[in-house]
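Dock chain to chain to rebuild the complex, using the hints, since each chain is given by itself in its own frame.
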Amino acid sequence: MIENTLEIPVEIPEEARNPVEPFLRMDRMPHIWCPGCGIGTTVNCFTRALLNSKANLDKVAVVSGIGCTGRVAGYARLDSFHTTHGRAIPFATGLKLSNPELQVVVYSGDGDLFAIGGNHFIHAARRNMDLKVICVNNMTYAMTGGQTAPTTPGSSITATAPYGAFEPTFNLASLAEAAGASYVARWTTYHVKQLSRSMEEVLNKKGFCFIEVLTPCPTLYQRRNKMGDGLDAMKYYKEAGKIRNGAPTGECGLTRSGEIVLGKFVDRERPDYLDLLRAQMTQALGERYVEPEASCSSC
Amino acid sequence: MHADPKGVLTGVHFLDGDHACCEGTLAAGARFSAGYPITPSTEVVERFASRIPTVGGIFVQMEDELAASIAIQGAVWGGAKAFTVTSGPGFSLMMEHIGYAAMTETPCVFVDVQRGGPSTGLPTLPAQADMMQARWGSHGDYGIIALCPNSPQECFDLTITAFNLSEEFRVPVMMMLDECVGHMTEKVVIPEADGIEITPRRYTTLPPEEFRLFKPKADLVPDMVRAGDGYRFHVTGLTHDERGYPSMDVETQDRTVRRLQDKLKPLANGRCLCETADLEDAEVVVVSYGITSRVAQRALEMARDQGVRAGKFRLISAWPFPLERIRELAARVKAFVVPELNLGQMVLEVERAAAGRAAVIPVSHAGGTVHNPDTILKAILEAAR
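Order-wise, the sequence lines are chains B and G.
Note that numbering that gives the first Met the number 0 has the first sequence beginning at 0, numbered continuously upward.
Note that numbering that gives the first Met the number 0 has the second sequence beginning at 0, numbered continuously upward.
In short, the hints are calculated from the structure, not lab data.
Each hint should be verified, as a subset may be incorrect.
[What the hints assert, rightly or not] Derived DSSO-like pairs (lysine-lysine); straight-line CA-CA distance at most 30 Å: (1) K58/B - K5/G; (2) K216/G - K58/B; (3) K58/B - K214/G; (4) K205/B - K53/B.
[To be verified] Stretches of chain G that chain B covers, calculated by requiring three or more beta carbons in the stretch to come under 8 Å of a beta carbon on chain B: (5) 30-40; (6) 54-61; (7) 73-84; (8) 94-100; (9) 109-115; (10) 350-360.
[As the list claims (entries may be wrong)] If you only want the chain G side, here are some residues facing chain B, beta carbon under 10 Å, derived: (11) I51; (12) S68; (13) I69; (14) A70; (15) T103; (16) Y230; (17) R242; (18) Y244; (19) P245; (20) G269.
Heads up, the beta-carbon is just placed ideally off N, CA and C, and yes, glycines get one too.
So that you can see chain G by itself, here it is in the shape it has in the complex (with noise of 0.2 Å):
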């Protein structure tokens, strides 16, 4: 379906990431969000608070991050679309309800603009230092989405996207924009609402008495409702089965465990969203993400200059992780270059997929600037020698 004209800004602005993000997250058709301040995030929030009475929804500032990420979550099972949005330590009080929405199958989506870190860290510098948090920081196994815009025009497409996989997928849909790309300044185009394409929540069309909330489809998604309708339905946090009722027994466990996982698949490398030019004859590859994937181009074009056949692998779904792409390339590439400003994460994943079949080359930065092209190419030009 196409987006409903009454949230969708059409036209030509000139945005910051933040404020172009809000403008995504209302074109996609959310009309709620609960947030907590926190920078540099808030003016994604500050945003929406000022747009929402006029567009007709809700915003509550909530008394903090736990309370934001839980409320999103009431207002999806109420019937909206929801959202909230933060940074690194807000991020962390978030992570119980990541996994709660993972485990209760509860679409949303959580905006969060990277600072620096660990703790307080540097509110107001940017950083790539949340990526394994956002995959791993709540407890238990699960899958998620996470997402990684380079640009304010990316910021309000992906946040679109972002919407649209957590109500296909029924996952917490991860934004990882980072203090710059939150923070830089260009030029944003929204297209007409009809331009637009939306995913409706997946509503059953079966009665209640046929119906069962957490039965998976043939895509091994359940379908859902909301509440209100006369379902008596039961959502909880605990394993449960197909009726939602709490289940100790181990086979539902690994059942509802394994898929919560494997309904993902489909997205982790037939679907996954990457942007790559030069790979054709590349023998050194340039994988990066966000902010850093703008400071590797530069690099990327002198490498080129000086005769060197760089490639770019620009991750925008980070989560879940290209896998086989990568995989393939570690067959006919030297080396992988990695640039990201932490001290090596999804180099990891980098190296877990070349498997010693290329070299893996870490361009650390902890933070609170981006990496100068120079570091970059000069990893480039030691990868090729």
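So that you can see chain B by itself, here it is in the shape it has in the complex (with noise of 0.2 Å):
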């Protein structure tokens, strides 16, 4: 079959590279991630995403917070900043309004993001900041050992609920809509291309955008779950994964094995934080409004 539709040569040529190398600080290879772990899979979406917008490379800046997906700063050749748990939010808040030129992408997981970050998230989102937040869901604290997070589903067996997890959970994308985010929407790390696409239109998108991507923890939750390793979970995307663009985000809870609702929920038109603020200043203050200067490196 593969000989039939793929002509693969039988020696890679020695300047044969991965077109996302460029991307990465191949230095730091191999990675810390797990076998069957999907945030590789979410980065591979993000550098193509990049290829394609056409993005100005030297001003694309990736902050994350702490965690599993906290390491994505770190592999990223771009500027990047893996700053304190929960907290990714509003470091990337100063550094694009101090610079405002630059694209602010923050890359973490559902336990930073929404745990101890939840406050900065919704109030970015309420302000309309002009960030990407792209959200590596993989329902528990990977990096600690496999815990509960604000997403893990009921009854899911973690670290720190031995006998069961009952917390209800957060529906993230119903959250970012109603804290305000201009652009809301969710893959899984089986929709590779609508994820990349999806990517490659915040990078293209004002305001504060928000991408939830449901991806694989074999080791720490799926293991403990009995529910097999990254290939099942990609079988679970497949299957319960239902496109449906628009559909209301307060129907499209997760839950543990049932359907999973994909999409882009939100895509709406607001005013962002320096739009608003340029615009009461203006109205304020009249010509004594001064811009913010852009930072110079020479001062």
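As structure tokens, then:
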């Protein structure tokens, strides 16, 4: 079958390179992620989105918090910041406001962005801060050994819920929409084309944009719950994933094994923080208002 | 280089310490501040919010102190000079990011207008009980600088010094005001912009392929870059090598953490900021700082009137602590008297420096008001006996 459909040279030529390599710090490979983990897949999608968006890579910054996904900043060959737990968004807020020509991407996990960092998320969405937030949702705290997250579905066994998790979870898409996000989408690491397209789309959209990516964690979540390996997760995503663009986010909650509603749920125009600031100050101060000076490396 | 005249409100003013501190940030070139309201410090950012739109910069009121204290660091890596302002409870929340600034060598300024604690304590009343927290509040070993103004004029002057030191040494610098200094109103003279020296950021002149983000120069401080200039650099709070890449090895940890402390050594003594008087013949030296130094001044004068040879040692930079200076004095004076609005914090440093060679007498006060000068006088007289 393979021989008929693909032409794979027996020997890979010396000069052959994966097209994503220029986007990665190859001197830091191999990465720390486990076999079957989906974070690398999301990074692959992200690099393709950067490639397609033709963004000036010198002007793209990645900000991460702490956790497995927090390590993305360390592998991206961009200006990249690995901050403190939960605080990627406020760091990114300062970075963006002091240097507005930067495209600032926040790349972090569900525990980081929605437990310890939840308050910052809703406030950045409310302000419509021009940040692109990519949340890798593996439904657990993986880096610390698989503890319960605000996204861990009911009855899952975790390191801190040995008899099963029972707390209600956040519906991240609904939360983002309610808080004011300009763009909300959800994909899985099975839906790589759609995910890349969404990422490319937000790189060209102003305002607070949010993409949730469901990602397998075979080592620390699936293993405890007899959910198989990374491939089993792909099969589940394929079978349970239902693309419904524009679906009401309130009806898109996730369960452990039920349907996964996917798609672009929200895409709306709202003035972003700097637009609002400029408008208000111009109205109040007229010609006395001075635009924030772009930071300058010679001063 | 000289200050940018856009931020300098040249003239003679009648300002409280909080407002003077704000003018200091503007004169120093700060064009970004993130804050969260808390008494008795909020006036600093209230004034900044009012002034900055006509100077050219950003004030953003964040959702909490954690956010404010990391937003300023994002702004610094974006190229701005930045600061935040708080008081006790907020200062506690900022500790993690003081550690982040120390580890990532992010130059920035934290203003703490101290009030009574612990916890919510005395929101509107003075204390000086955050002095050890300023030094040791975040986990791990690191060096910081903390300055203690005792007047609105010094709130202006030392805020500029704070920014300059933070750029020179790439450390977080604390401005340790107290409620009294923050709220006392006095004459403040703001000079012409070309009379204000500003330390520019230490931007590298090396091209990206030769530059290493955490490679120290001869003074142990590395040069910096800002985001967006093509260096494609990485910053992490993890222990990192000269490239900024995470490193788990013991040697890197040792080298990094020692350097974070050692780079401040030049400040510890030779360049420590202090104000002294009558030390030549002193038998008793009063070591004080902030508002307490103003009260102690009265006690010193009364002691001299009574024939006691009392000398003044005012800490302007509490951290690094001027260990050598106090050690020298300990060899020739009878006693140190250390009044402070806490139950004994900087006095521990004085004791450490004196190392038993001179008596060290704390004059503690839990805060809420200032000392009565008579209490300090009594301690001086007893020490001289």
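Hints, verified against the model:
Simply put, K58/B and K5/G have alpha-carbon atoms about 28 Å apart, close enough for the 30 Å limit, and the pair holds. Taken as a hint, the K216/G and K58/B pair is honoured in the structure, with Cα atoms around 27 Å apart against an allowance of 30 Å. Restraint check for K58/B and K214/G: satisfied, since their Cα atoms lie roughly 24 Å apart, inside the 30 Å limit. Distance restraint check for K205/B and K53/B: the Cα-Cα separation of roughly 16 Å lies within the 30 Å cut-off, and the hinted pair is therefore satisfied.
Given a C-beta distance limit of less than 8 Å, the hint that chain B covers the segment 30-40 of chain G holds, as 3 residues qualify and 3 suffice. Beta-carbon proximity to chain B at under 8 Å applies to 6 residues in the segment 54-61 of chain G; the threshold of 3 is reached and the given coverage holds. Residues of the segment 73-84 of chain G with a Cβ under 8 Å from some Cβ of chain B number 8, which satisfies the need for three, so the listed coverage holds. Given as covered by chain B, the segment 94-100 of chain G passes the check, having 3 residues with a CB less than 8 Å from a CB of that chain where 3 are the minimum.
Counting residues of the segment 109-115 of chain G whose CB lies closer than 8 Å to any CB of chain B gives 0, so the stated coverage by that chain is violated, three being the minimum. Counting residues of the segment 350-360 of chain G whose CB falls under 8 Å from any CB of chain B gives 0; the rule of at least 3 is not met. Nearest Cβ of chain B to the Cβ of I51/G: about 8 Å, under the 10 Å cut. The hint holds. A distance limit of 10 Å between C-beta atoms decides the matter here; for S68/G the minimum to chain B is near 9 Å, and the interface restraint holds.
Against a cut-off of 10 Å between C-beta atoms, the interface hint on I69/G holds, since the closest Cβ of chain B lies about 4 Å away. With 10 Å as the threshold, the beta carbon of A70/G comes within range of chain B, its nearest partner Cβ sitting at about 4 Å, so the hint holds. For the restraint placing T103/G at the interface with chain B, the shortest Cβ-Cβ distance is roughly 9 Å, inside the 10 Å limit, so the hint holds. The interface hint given for Y230/G is met, as the beta carbon of that residue sits about 7 Å from the closest beta carbon of chain B, less than 10 Å.
Because the smallest distance between the Cβ of R242/G and any Cβ of chain B comes to about 8 Å, under 10 Å, the interface hint for this residue holds. A distance limit of 10 Å between C-beta atoms decides the matter here; for Y244/G the minimum to chain B is near 6 Å, and the interface restraint holds. With its C-beta approaching chain B no nearer than about 6 Å, P245/G sits inside the 10 Å limit, and its interface hint holds. Violation of the interface hint for G269/G is found here, the shortest Cβ-Cβ separation to chain B being roughly 29 Å, above the 10 Å cut-off.
Of the hints listed earlier, those the structure fails to meet are numbers 9, 10 and 20, in rising order.
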